Amino acid sequence: PNVKVNRLDIIGYASPEGTLAANKRLSEGRAMALRDYLAYRYDFPRNQYYIVFGGENWDGLEKALETIELEYKDEVLDIIRNIPIEKGRETKLMQLHGGTPYRYLLKYIFPSLRVAICKVNYEVRDFSVEEAKEIIKTRPQNLSLNEMFLVANTYPTGSQEFIDMFETAVRMYPQSEIANINAATAALSRNELVSAERYLGMVNSNKNLPEYNNAMGILMLMKGDYESSKKYLKFAEQSGLDAARGNLEELVRKKANAAKMKKNGK
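The numbering of the sequence shown is the working numbering, which starts it at 1187 and goes up by one.
Rather than coming from a laboratory, the hints here were simulated on the basis of the structure. Be aware that one or more of the hints could be misleading.
To be verified - DSS-like mimics (lysine-lysine), calculated; alpha carbons at most 30 Å apart, straight line:
1) Lys1293 x Lys1319
2) Lys1319 x Lys1273
3) Lys1416 x Lys1440
4) Lys1323 x Lys1305
5) Lys1441 x Lys1393
6) Lys1393 x Lys1409
7) Lys1210 x Lys1259
8) Lys1420 x Lys1409
9) Lys1278 x Lys1293
10) Lys1210 x Lys1278
11) Lys1210 x Lys1305
12) Lys1446 x Lys1420
13) Lys1441 x Lys1416
14) Lys1409 x Lys1449
15) Lys1293 x Lys1259
16) Lys1319 x Lys1190
17) Lys1393 x Lys1417
18) Lys1293 x Lys1190
19) Lys1273 x Lys1323
20) Lys1278 x Lys1319
21) Lys1420 x Lys1441
22) Lys1273 x Lys1259
23) Lys1440 x Lys1420
24) Lys1323 x Lys1293
25) Lys1249 x Lys1259
26) Lys1249 x Lys1319
27) Lys1393 x Lys1446
28) Lys1323 x Lys1278
29) Lys1420 x Lys1449
30) Lys1440 x Lys1409
It should be emphasised that the depicted structure is a prediction, and the values quoted were computed from it without experimental measurement.
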């Protein structure tokens, strides 16, 4: 199999109203109910299931509060974050402003906190390049970013297949700055400046990479900002990227043509 499941953590939660002891029992019951359901539906060995009793779902309540508008929300969050459970956190919430925010939470938020979740620890085996070329067509999420790059490099630079690989990579790994730089380069090859600029805007910690500066230099060149283009391309060239040298030569030609057209226009 391509995927090996190592363990399944079943975590049960209860909403915060009531006693700690009662909520512990409720969270245990939810976790075991989910485990039994999964064991009935799937054939994972019993020893792969690990029950985790989440207890009162205060973390879930805090996250829910951050996404909604609620009167006195800051005061509610202050109680949750600063008053320990054993020091009467729930009582403080019930007393806040006559219990108005607590009654809202009880009716609209607490039901969503009574949950059980399953976290799956798994491994996806490494694939050969030939296997990866097939898998990327149907299950790209099973490939690592490096495996996608290896597949891309089997195609001619600038070919449609080459471009498609980089677009798939950035779709699967949108937070990867390297994937965004490569996707920007692919977009530039199709004159899609808006897409290229969006991809490059995702880069924060890798702005010293020659590939990033080369892509920025090309983008600025295509937008007609020759001074910015020169700055980026010079940096990339001095960092040892051969492609930047050719782009600098193209910049010189474009500047000369622009100057000639301006002169003739006069």
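Hint-by-hint comparison with the structure:
1. Simply put, Lys1293 and Lys1319 have alpha-carbon atoms about 51 Å apart, too far for the 30 Å limit, and the pair is violated.
2. Restraint check for Lys1319 and Lys1273: the C-alpha separation of about 58 Å exceeds 30 Å, so the hint is violated.
3. In summary, the hint linking Lys1416 to Lys1440 is supported, as the alpha carbons are separated by about 12 Å, within the 30 Å threshold.
4. For the hint linking Lys1323 to Lys1305, the alpha-carbon distance of about 27 Å falls within 30 Å, and the restraint holds.
5. At roughly 25 Å between alpha-carbon atoms, Lys1441 and Lys1393 fall within 30 Å of each other, so this suggested pair holds.
6. With a C-alpha separation of about 20 Å, the suggested pair Lys1393 and Lys1409 falls inside the 30 Å cut-off, and the hint holds.
7. Distance hint between Lys1210 and Lys1259 is fulfilled; the C-alpha atoms sit about 27 Å from each other, no more than 30 Å.
8. Between Lys1420 and Lys1409 the CA atoms are separated by roughly 17 Å; this keeps the pair inside 30 Å, and the hint holds.
9. With a C-alpha separation of about 18 Å, the suggested pairing of Lys1278 with Lys1293 holds against the 30 Å cut-off.
10. With a C-alpha separation of about 21 Å, the suggested pairing of Lys1210 with Lys1278 holds against the 30 Å cut-off.
11. Restraint check for Lys1210 and Lys1305: satisfied, since their Cα atoms lie roughly 20 Å apart, inside the 30 Å limit.
12. A hinted pair counts as satisfied when its Cα atoms are at most 30 Å apart, and Lys1446 with Lys1420 qualifies at roughly 24 Å.
13. As the CA atoms of Lys1441 and Lys1416 are separated by approximately 11 Å, the hinted pair is consistent with the 30 Å bound.
14. Between Lys1409 and Lys1449 the CA atoms are separated by roughly 21 Å; this keeps the pair inside 30 Å, and the hint holds.
15. Using a Cα cut-off of 30 Å, the hinted pair Lys1293 and Lys1259 holds, with the two alpha carbons roughly 16 Å apart.
16. The suggested pairing of Lys1319 with Lys1190 holds, with an alpha-carbon distance near 21 Å, which does not exceed 30 Å.
17. Among the hinted pairs, Lys1393 with Lys1417 is consistent with the structure: their alpha-carbon atoms are about 13 Å apart, no more than 30 Å.
18. A threshold of 30 Å between alpha carbons decides the hint, and for Lys1293 with Lys1190 the separation of about 41 Å lies outside it, so the pair is violated.
19. For a cut-off of 30 Å, the pair hint linking Lys1273 to Lys1323 is broken: about 56 Å separates their Cα positions.
20. For the proposed pair Lys1278 and Lys1319, the alpha carbon gap of about 59 Å is over 30 Å, so the pair is violated.
21. Between the alpha carbons of Lys1420 and Lys1441 the distance comes to roughly 15 Å, so the proposed pair stays at or under 30 Å and holds.
22. Restraint check: the Cα-Cα separation between Lys1273 and Lys1259 comes to about 20 Å, which is no more than 30 Å; the hinted pair holds.
23. At roughly 16 Å between alpha-carbon atoms, Lys1440 and Lys1420 fall within 30 Å of each other, so this suggested pair holds.
24. Our distance criterion of 30 Å between C-alpha atoms is broken by Lys1323 and Lys1293, whose separation comes to about 46 Å.
25. Between Lys1249 and Lys1259, the direct Cα distance comes to roughly 12 Å. Compliance with the 30 Å bound is thereby established for this hinted pair.
26. The suggested pairing of Lys1249 with Lys1319 is violated, with an alpha-carbon distance near 40 Å, which exceeds 30 Å.
27. Restraint check for Lys1393 and Lys1446: the C-alpha separation of about 34 Å exceeds 30 Å, so the hint is violated.
28. Distance check on the hinted pair: Lys1323 and Lys1278 sit about 55 Å apart at the alpha-carbon level, beyond 30 Å; violated.
29. A distance of roughly 27 Å separates the Cα atoms of Lys1420 and Lys1449; the hinted pair therefore holds under the 30 Å criterion.
30. A distance of roughly 12 Å separates the Cα atoms of Lys1440 and Lys1409; the hinted pair therefore holds under the 30 Å criterion.
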